[in-house]
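**Student:** Protein chains in written order, with this note's numbering: chain A, 1 to 122; chain B, 1 to 367; chain C, 1 to 475.
No lab work stands behind these hints, which were simulated from the structure alone.
Don't take each hint at face value.
[To be verified] Below 27 Å or equal to it, Euclidean Cα-Cα: the simulated DSS-like pairs (lysine-lysine) are: (1) Lys102(A) with Lys2(A); (2) Lys14(A) with Lys129(C); (3) Lys129(C) with Lys348(B); (4) Lys362(B) with Lys225(C); (5) Lys108(C) with Lys67(A); (6) Lys43(C) with Lys419(C); (7) Lys237(B) with Lys43(C); (8) Lys114(C) with Lys325(B); (9) Lys108(C) with Lys124(C); (10) Lys362(B) with Lys43(C); (11) Lys99(C) with Lys114(C); (12) Lys43(C) with Lys69(A); (13) Lys114(C) with Lys68(A); (14) Lys22(A) with Lys68(A); (15) Lys39(A) with Lys21(A); (16) Lys141(C) with Lys237(B); (17) Lys102(A) with Lys21(A); (18) Lys44(A) with Lys14(A); (19) Lys126(C) with Lys39(A); (20) Lys127(B) with Lys89(B); (21) Lys99(C) with Lys127(B); (22) Lys99(C) with Lys44(B); (23) Lys106(B) with Lys22(A); (24) Lys39(A) with Lys14(A); (25) Lys288(B) with Lys362(B); (26) Lys325(B) with Lys141(C); (27) Lys91(B) with Lys131(B); (28) Lys288(B) with Lys337(B); (29) Lys91(B) with Lys44(B); (30) Lys325(B) with Lys126(C).
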Amino acid sequence: MKILVAEDDQLMVKMLEFRLKKDGHEVVITQDGRAAVAKLSEFKPDLVITDIMMPYLSGLEVVSAVKKKYPTGTPVIILSGMGQENVVLEAFQLGADDFMTKPFSPNELSVRVHRFDLTLAK
Amino acid sequence: MLTLKTHLYTSFIIYWDIQTIALAGIVILMVCLLSFMLLYMLVKASHEKKHTHWRLISDSLIHKAVFDDDDRIDEEFIQMTLGTINLKKNKYFRKLLTGEIISAKKNITGAAAENLIYLYRLLNLDKYAIKNLNNLRWYVRARAIHELTTMQISGLVDHLHLFTNDSNEYVRMEAQSALVQFNGFEGLSFLDTVAYPISDWQQIKLLQLLSLLPPSTFDTAPWFQSENSTVVVFALKLARNYNRFEQHDAIAKCLDHSEPKVRLEAILCLNEIYTDETSDHLIGRFLKESLKHQLAMIRVMQTLGTERDILFLTDLLNHESDQLKLDAARALVNASKNGMASLEAYSKQSEQDITEIVMHIKREMSV
Amino acid sequence: MSWQTFLLHAFTYGILVYSMILLTFYLLIGSFSILETRSYLHKNSFTDYRMLASSSEAPTMTILAPAYNEGPTIIENVRSLLSLHYNNLDVIIINDGSKDDTLEQLIKAYDLYKADFYVTQLIKTKTVKGIYRSHNPVYRKLTVIDKENGGKADALNVGINIARSDYFVCIDVDCVLEQDAILKLAKPFMETSTHRVIAAGGVVRVANSCEIEGGRLVKVHLPKKFLPRIQTLEYIRAFLLSRMAWTRLNGLLLISGAFGAFDREIVIACGGYHTDTVGEDMELVVRMRRYMEEREEPYKVGFIPDPLCWTEAPSSYRILGRQRNRWTRGTIETLRSHKKMFFNPNYGILGMLSYPYWFFFEFLAPIIEFLGTLGIIIYFFTYAINWSAVVIMIIVICIGILYSIFAILMEVLTYNQYKQRKDILKLVLVAILEPFIFHPFVVWSAVLGNISLLRKQNSWGEMTRQGFATDKKSR
Chain A
1 MKILVAEDDQ
11 LMVKMLEFRL
21 KKDGHEVVIT
31 QDGRAAVAKL
41 SEFKPDLVIT
51 DIMMPYLSGL
61 EVVSAVKKKY
71 PTGTPVIILS
81 GMGQENVVLE
91 AFQLGADDFM
101 TKPFSPNELS
111 VRVHRFDLTL
121 AK
Chain B
1 MLTLKTHLYT
11 SFIIYWDIQT
21 IALAGIVILM
31 VCLLSFMLLY
41 MLVKASHEKK
51 HTHWRLISDS
61 LIHKAVFDDD
71 DRIDEEFIQM
81 TLGTINLKKN
91 KYFRKLLTGE
101 IISAKKNITG
111 AAAENLIYLY
121 RLLNLDKYAI
131 KNLNNLRWYV
141 RARAIHELTT
151 MQISGLVDHL
161 HLFTNDSNEY
171 VRMEAQSALV
181 QFNGFEGLSF
191 LDTVAYPISD
201 WQQIKLLQLL
211 SLLPPSTFDT
221 APWFQSENST
231 VVVFALKLAR
241 NYNRFEQHDA
251 IAKCLDHSEP
261 KVRLEAILCL
271 NEIYTDETSD
281 HLIGRFLKES
291 LKHQLAMIRV
301 MQTLGTERDI
311 LFLTDLLNHE
321 SDQLKLDAAR
331 ALVNASKNGM
341 ASLEAYSKQS
351 EQDITEIVMH
361 IKREMSV
Chain C
1 MSWQTFLLHA
11 FTYGILVYSM
21 ILLTFYLLIG
31 SFSILETRSY
41 LHKNSFTDYR
51 MLASSSEAPT
61 MTILAPAYNE
71 GPTIIENVRS
81 LLSLHYNNLD
91 VIIINDGSKD
101 DTLEQLIKAY
111 DLYKADFYVT
121 QLIKTKTVKG
131 IYRSHNPVYR
141 KLTVIDKENG
151 GKADALNVGI
161 NIARSDYFVC
171 IDVDCVLEQD
181 AILKLAKPFM
191 ETSTHRVIAA
201 GGVVRVANSC
211 EIEGGRLVKV
221 HLPKKFLPRI
231 QTLEYIRAFL
241 LSRMAWTRLN
251 GLLLISGAFG
261 AFDREIVIAC
271 GGYHTDTVGE
281 DMELVVRMRR
291 YMEEREEPYK
301 VGFIPDPLCW
311 TEAPSSYRIL
321 GRQRNRWTRG
331 TIETLRSHKK
341 MFFNPNYGIL
351 GMLSYPYWFF
361 FEFLAPIIEF
371 LGTLGIIIYF
381 FTYAINWSAV
391 VIMIIVICIG
401 ILYSIFAILM
411 EVLTYNQYKQ
421 RKDILKLVLV
431 AILEPFIFHP
441 FVVWSAVLGN
451 ISLLRKQNSW
461 GEMTRQGFAT
471 DKKSR
């Protein structure tokens with residue numbers, strides 16, 4: 001699966017990249033929201049994983065950009081800090097498909113990504 | 001003219017002595033500062049190389065622990081990676097490695113996090129932290145508590161309890177957070193005894209830590225009686241976040257507390273925990289409060305106001321504060337099913353022009 | 001003793017005493033700054049700002065950014081404001097009667113509509129023409145106000161009226177903020193429960209020659225041009241030493257208008273920004289402190305030394321001169337309207353130390369320096385070189401250089417924004433050159449400020465339109 005990751009924390013990026021590549025996905029990493037949106041047309045991801053608080057464009061704007069471009073396909077998983085329920089709710093209103101709260105377990109991420117992989121295969 | 005010149009000459013000599021000393025002193029100081037700065041920069045630059053090397057080593061240790069969860073990290077791998085670095089002697093490397101492990105631990109949970117803790121203990125880093133608990137410098141103590149808590153080294157909980165009333169604010173805060181992380185809601189027992197104020201910052205932090213735990217029963221009632229007003233404020237926040245409806249009367253009583261901050265928190269708390277008597281409590285207290293608290297009260301009335309409060313709220317549409325008028329109108333709209341219609345009706349028959357307020361509220365409702 | 005010699009002695013001794021007091025103050029400021037910076041850095045190492053970023057319990061904050069003819073950059077600047085890390089944050093842009101397309105650009109880029117809005121007049125202001133909100137829920141934090149031109153103070157007052165938050169942060173819209181700027185600035189308000197924190201100031205740094213992309217600072221460089229470079233040193237000295245030290249004493253009088261946070265309730269109680277002064281930022285802080293002193297409520301003014309706000313410094317003498325002229329007038333106007341506090345023990349540190357310091361060393365210093373230099377020159381032409389005065393002058397200059405070098409050292413030891421050794425040496429060189437090249441110009445601008453104020457030539461008054469950021473624009 002082609003996964004686009006938008007996350008500005010270096011350690012998180014490393015962890016996400018390592019884990020997703022190990023699971024056999026093709027991964028493109030962007031460090032901020034603007035770069036993520038710019039990469040959309042070129043990379044045509046099957047899944048987008050985005051942080052909420054990022055430079056230039058927030059995760060919410062990434063969600064709305066993805067949903068505008070691919071109204072039916074390309075699910076988005078939101079990574080949020082703890083206690084950000086209201087932002088997560090907003091993200092869902094904009095069309096986000098799933099969320100994970102930081103800190104999280106890499107194994108859990110793996111499983112959640114896999115779930116979207118299955119739905120795509122159908 | 002001549003006398004003036006000789007005088008000038010003598011005075012020149014007198015000044016010269018004091019002045020030379022002053023000037024020389026300043027120049028010497030300047031040279032000292034400059035050479036210190038140069039030396040510092042040179043030493044730092046030479047350390048930079050070593051640091052890059054160290055960082056690579058600590059990165060590879062952490063990578064192994066975090067990413068490779070099928071294969072547990074072992075002594076052999078550690079020895080191989082560390083190479084010639086002596087962890088016991090090299091304080092700087094130890095500090096760097098500890099720092100990186102801690103920040104990695106904060107980002108992950110699950111098996112990878114367990115591996116990091118395993119690595120931390122295997123390297124005996126906890127021993128150094130425990131030793132630092134008795135250091136004379138507060139920030140060393142506080143950091144040690146923070147480290148042990150993040151790495152989940154329990155077994156020191158009783159010892160940490162003593163620190164929750166430490167005279168240093170940061171040691172205290174770390175110890176309080178530690179108790180909550182180790183013991184969950186039971187850890188809040190330090191609230192019974194804490195004599196120092198708990199800052200807003202610390203309250204936010206504690207609530208955040210608690211939000212990660214599964215909700216549990218705890219008794220807020222004794223904290224409402226605390227002499228420490230910040231404990232009362234915190235208890236109110238707890239009651240609000242964990243929907244303690246049975247505490248309603250105790251919370252309403254806090255509306256009469258002598259400390260304004262407690263009263264404000266009680267008002268905000270009633271926004272979540274209310275019965276059909278709550279608005280009476282608020283209205284009873286209304287005139288005794290400052291404008292800031294009155295505004296908070298009316299905002300709460302937006303949630304819990306009913307048809308019984310319409311008269312009170314309508315009166316406020318003549319209040320001198322524009323902010324209060326707007327909030328009262330909003331509360332009025334929410335107080336009954338046809339609130340908007342009655343507000344518009346009032347707007348027509350009233351001498352006061354509140355059309356702008358009506359428009360404002362209509363726009364808000366349409367979004 | 002002839003009157004000439006008497007005058008000569010009085011003159012030289014006077015200057016000597018003055019410079020010794022100045023040296024004492026420098027030493028005190030240096031040591032207090034070390035203490036405060038150390039304790040700040042230690043405390044900061046325990047702070048997890050991420051926790052605050054996502055908390056919904058954090059106090060509500062509103063950014064107030066007045067804009068006047070900002071068309072070319074407004075979209076990017078607003079975008080970077082909207083991506084700042086802080087959960088409970090609103091952004092209010094106040095279009096102060098721009099003559100360009102600032103408003104139209106905002107409407108287009110952010111899908112704005114003119115909203116029915118009840119504008120509360122807590123502080124009296126010029127007429128508000130319209131309030132704009134976005135159709136797009138992503139921009140729900142954004143409000144744009146369109147108002148009649150009235151200057152920066154008036155624009156901020158409108159923002160204060162419309163904000164509903166506990167605190168507001170006023171910024172210059174062309175400033176570049178770090179992502180965690182609001183988090184750090186909000187913290188002082190939550191730290192203490194014994195005092196009320198009424199305001200918190202932040203550091204402003206010089207952005208010339210820095211790499212900026214999409215409203216964000218990418219890489220820090222030392223300014224290439226001489227004027228901005230010397231201002232870099234000036235800013236380090238003012239923020240890292242002076243304001244830090246005054247914070248230690250709880251005697252800080254000035255929070256930069258480019259970046260500071262205020263308790264909204266107290267600001268409203270004090271009547272907001274005064275529109276009839278050119279130094280509205282300093283005047284407000286002094287008035288708020290005075291208000292708290294008079295009500296005998298324990299309070300604090302906080303200060304955050306982290307480099308959070310970057311701004312373009314003037315790079316031409318003409319614009320710089322105008323800025324300093326204005327700063328001087330602002331200082332004098334503020335000191336004049338609060339002269340009641342001068343050595344008044346009822347006002348504590350504020351009356352006994354802060355105010356007198358500003359009077360003697362901010363307001364009087366340039367005048368004394370100017371007259372001193374003038375005196376030496378006149379004496380030279382009438383009699384001969386007055387050696388003792390010349391030596392004292394050299395001492396004063398050396399004290400100044402020493403202080404600058406100490407400031408550079410503090411920068412190296414703390415934030416170390418200029419990583420290359422070459423850059424630090426360039427700063428030292430600038431510190432040595434400053435008293436001869438730059439400082440005389442600053443003194444002269446200050447003297448001109450005094451003169452124009454004496455002549456009641458309030459240059460704002462002559463202008464029909466007020467543009468507040470024009471003297472900072474140098475690009």
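**Student:** For every hint, state whether the structure bears it out.
**Tutor:** How the hints compare with the structure:
1. Among the hinted pairs, Lys102(A) with Lys2(A) is consistent with the structure: their alpha-carbon atoms are about 23 Å apart, no more than 27 Å.
2. A distance of roughly 50 Å separates the Cα atoms of Lys14(A) and Lys129(C); the hinted pair therefore is violated under the 27 Å criterion.
3. A hinted pair counts as satisfied when its Cα atoms are at most 27 Å apart, and Lys129(C) with Lys348(B) qualifies at roughly 25 Å.
4. At roughly 55 Å between alpha-carbon atoms, Lys362(B) and Lys225(C) are farther apart than 27 Å, so this suggested pair is violated.
5. Using a Cα cut-off of 27 Å, the hinted pair Lys108(C) and Lys67(A) holds, with the two alpha carbons roughly 21 Å apart.
6. Between Lys43(C) and Lys419(C) the CA atoms are separated by roughly 24 Å; this keeps the pair inside 27 Å, and the hint holds.
7. For the hint pairing Lys237(B) with Lys43(C), the CA-to-CA distance comes to about 25 Å; that is within 27 Å, so the pair holds.
8. Distance hint between Lys114(C) and Lys325(B) is fulfilled; the C-alpha atoms sit about 22 Å from each other, no more than 27 Å.
9. Note on Lys108(C) and Lys124(C): the hinted pairing is violated, with a Cα-Cα distance of about 30 Å set against a maximum of 27 Å.
10. Our distance criterion of 27 Å between C-alpha atoms is broken by Lys362(B) and Lys43(C), whose separation comes to about 47 Å.
11. Proposed proximity of Lys99(C) and Lys114(C) is supported: the alpha carbons are some 19 Å apart, at most 27 Å.
12. Taken as a hint, the Lys43(C) and Lys69(A) pair is broken in the structure, with Cα atoms around 46 Å apart against an allowance of 27 Å.
13. A threshold of 27 Å between alpha carbons decides the hint, and for Lys114(C) with Lys68(A) the separation of about 25 Å falls inside it, so the pair holds.
14. Note on Lys22(A) and Lys68(A): the hinted pairing is violated, with a Cα-Cα distance of about 30 Å set against a maximum of 27 Å.
15. A distance of roughly 19 Å separates the Cα atoms of Lys39(A) and Lys21(A); the hinted pair therefore holds under the 27 Å criterion.
16. A C-alpha spacing of about 25 Å is found between Lys141(C) and Lys237(B), which places the hinted pair at or below 27 Å, so the restraint holds.
17. The straight-line distance between the Cα atoms of Lys102(A) and Lys21(A) is roughly 20 Å, inside the 27 Å bound, and the hint therefore holds.
18. A C-alpha spacing of about 22 Å is found between Lys44(A) and Lys14(A), which places the hinted pair at or below 27 Å, so the restraint holds.
19. Straight-line distance between C-alpha atoms of Lys126(C) and Lys39(A) comes to about 46 Å, which puts the hinted pair past the 27 Å bound.
20. The straight-line distance between the Cα atoms of Lys127(B) and Lys89(B) is roughly 14 Å, inside the 27 Å bound, and the hint therefore holds.
21. Between Lys99(C) and Lys127(B) the alpha-carbon distance is near 67 Å, which puts this suggested pair outside the 27 Å criterion.
22. Of the pairs offered as hints, the one joining Lys99(C) and Lys44(B) is violated, with about 52 Å between alpha carbons and a cut-off of 27 Å exceeded.
23. Restraint check for Lys106(B) and Lys22(A): the C-alpha separation of about 23 Å stays at or below 27 Å, so the hint holds.
24. Note on Lys39(A) and Lys14(A): the hinted pairing holds, with a Cα-Cα distance of about 19 Å set against a maximum of 27 Å.
25. A distance of roughly 31 Å separates the Cα atoms of Lys288(B) and Lys362(B); the hinted pair therefore is violated under the 27 Å criterion.
26. Proposed proximity of Lys325(B) and Lys141(C) is supported: the alpha carbons are some 24 Å apart, at most 27 Å.
27. Straight-line distance between C-alpha atoms of Lys91(B) and Lys131(B) comes to about 14 Å, which keeps the hinted pair within the 27 Å bound.
28. Of the supplied pair hints, the one linking Lys288(B) and Lys337(B) is violated, its CA atoms being roughly 30 Å apart against a limit of 27 Å.
29. Between Lys91(B) and Lys44(B) the alpha-carbon distance is near 16 Å, which keeps this suggested pair within the 27 Å criterion.
30. Of the supplied pair hints, the one linking Lys325(B) and Lys126(C) holds, its CA atoms being roughly 21 Å apart against a limit of 27 Å.
Checked against the numbered hints above, the structure breaks hints 2, 4, 9, 10, 12, 14, 19, 21, 22, 25, 28 and satisfies the rest.
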